[in-house]
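Participant: Line by line, the protein sequences are chains A and B.
Counting along the first sequence from 1, when you hit position 152 you're at 253 in this note's numbering, and nothing is skipped either side.
Counting along the second sequence from 1, when you hit position 58 you're at 62 in this note's numbering, and nothing is skipped either side.
Hints are not guaranteed to be accurate.
As the list claims (entries may be wrong) - Beyond 10 Å from chain B on every Cβ pair, some chain A residues (computed): (1) Gly126; (2) Arg162; (3) Glu178; (4) Asp223; (5) Gly239; (6) Gly242; (7) Ser250; (8) Arg297; (9) Glu310.
Said to hold, decoys possible - For the chain B half of the interface with chain A, some residues (derived, Cβ under 8 Å), not all of them: (10) Gly9; (11) Asp10; (12) Leu12; (13) Ala13; (14) His47; (15) Phe51; (16) Gln70; (17) Val77; (18) Ile78.
Hints are computed from structural coordinates only; laboratory data are not their basis.
Cβ atoms here follow ideal geometry from the backbone N, Cα and C, with glycine treated the same way.
If you want the building blocks of each chain, they are given just below.
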Amino acid sequence: MIQIGLIGAGNISQTHADAAAQIEGARVVAVCGRTREHADRLAARAGAAAYDDLERFLAYRPMDMVVIGSPSGLHAEQGIAAARHGLHVLTEKPIDTSTSRADRLIAEAARAGVTLGVIFQDRMKPDIARLKALIDAGRLGMPILASASVRWHRPLEYYKGSAWRGTQALDGGGALMNQGVHTVDLLLWLFGPVRRVFGKVTTRLHAIEVGHGGGHARVRERRDRHDRSGDVGVPGIRAADRAHRIGRDREARRRSARGDRSPQSAER
Amino acid sequence: MKLEGDRLAAIDLLSPLSGDVVSEVSAVSVAASSPVVSDISAHRAVFEDFIAAIARGVPPMCDGAQGRASVAVIEAIYRSSSTEQPVDVTPIE
């Protein structure tokens with residue numbers, strides 16, 4: 102029997118509890134959440150012990166491994182603490198919000214002799230798994246170009262509903278780091294390492310922090326006439342839609358100011 | 005696979021194959037378009053892989069170095085965006 106401890110008691114940790122419950126030979130024995138009420142609720146559901154103190158939680162035995170579902174910027178710190186208690190560490194993506202923190206976690210897991218893993222569940226999806234097998238078997242020849250886009254929208258409530266999402270300190274950025282990382286992982290896993298990148302990142306829809314180099318920037322949605330969806334690194338589809346609509350509305354207003362009726366202006 | 009002469013025209017990745025090792029994972033890769041994971045089968049598959057990796061003493065499906073790689077690319081994208089210059093991705097190891 103593998104005894105699992107859950108670090109985090111929010112949205113994704115409920116998924117972790119439910120997934121573990123389906124595995125014969127595994128069970129959730131302890132839950133640690135900074136919000137005591139959430140930890141209590143999830144622990145009750147899983148039939149596990151609840152903690153709001155990480156060190157006390159890590160001392161719980163029997164426990165073999167932890168699954169980390171806390172804010173991204175805490176993954177390495179908590180993973181290191183777990184490794185020092187001899188626990189195997191499976192963390193949600195991203196591994197943390199910076200490579201320097203990732204390096205510390207990797208080094209500590211190696212030193213402690215525990216297994217370290219990162220959850221990228223999309224690798225397990227049947228279509229992706231089949232594509233991986235075809236590429237690895239050479240059945241597609243040598244891939245020369247891979248292109249991906251992520252059209253997942255997160256409404257403002259998603260960011261407002263938690264203290265950490267969209268913050269530089271704990272999310273390490275916004276949609277690119279939290280959602281786009283799934284697709285970056287798939288591109289690397291399927292097609293191999295990247296030598297050099299050119300990126301253009303901006304924050305369009307929500308007043309969240311954006312991750313530019315060393316500083317914090319707070320940028321509100323821009324409504325100027327040069328608002329182009331093509332510049333958005335990882336836009337929600339509604340972001341692209343919206344940019345398109347804004348442009349179209351302006352065009353419609355210009356047309357109607359000229360007394361011009363067109364299918365475009367009639368449409369809205 | 006659909007071939008046109010010697011050209012590969014299309015591949016159907018979505019229709020289940022018999023003997024598909026992951027056929028029990030029901031969702032295709034659009035599941036994460038919602039922040040709430042409604043289908044937990046892919047998470048379960050990650051857990052099972054990790055538990056098997058512990059037992060066999062081998063790296064899991066995504067180990068620390070691979071987990072680091074995507075963060076390295078995203079760091080470089082942010083840096084490139086602020087400097088408006090291409091950025092080399094720090095090599096692993």
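Participant: Now tell me, hint by hint, if it's right for this structure.
Facilitator: Hint by hint, here is what the structure shows:
no.	hint	in the structure
1	Gly126	8 Å, violated
2	Arg162	17 Å, holds
3	Glu178	15 Å, holds
4	Asp223	5 Å, violated
5	Gly239	12 Å, holds
6	Gly242	8 Å, violated
7	Ser250	12 Å, holds
8	Arg297	5 Å, violated
9	Glu310	12 Å, holds
10	Gly9	15 Å, violated
11	Asp10	11 Å, violated
12	Leu12	7 Å, holds
13	Ala13	12 Å, violated
14	His47	4 Å, holds
15	Phe51	5 Å, holds
16	Gln70	7 Å, holds
17	Val77	5 Å, holds
18	Ile78	6 Å, holds
Checked against the numbered hints given earlier, this structure breaks hints 1, 4, 6, 8, 10, 11 and 13; the rest are met.
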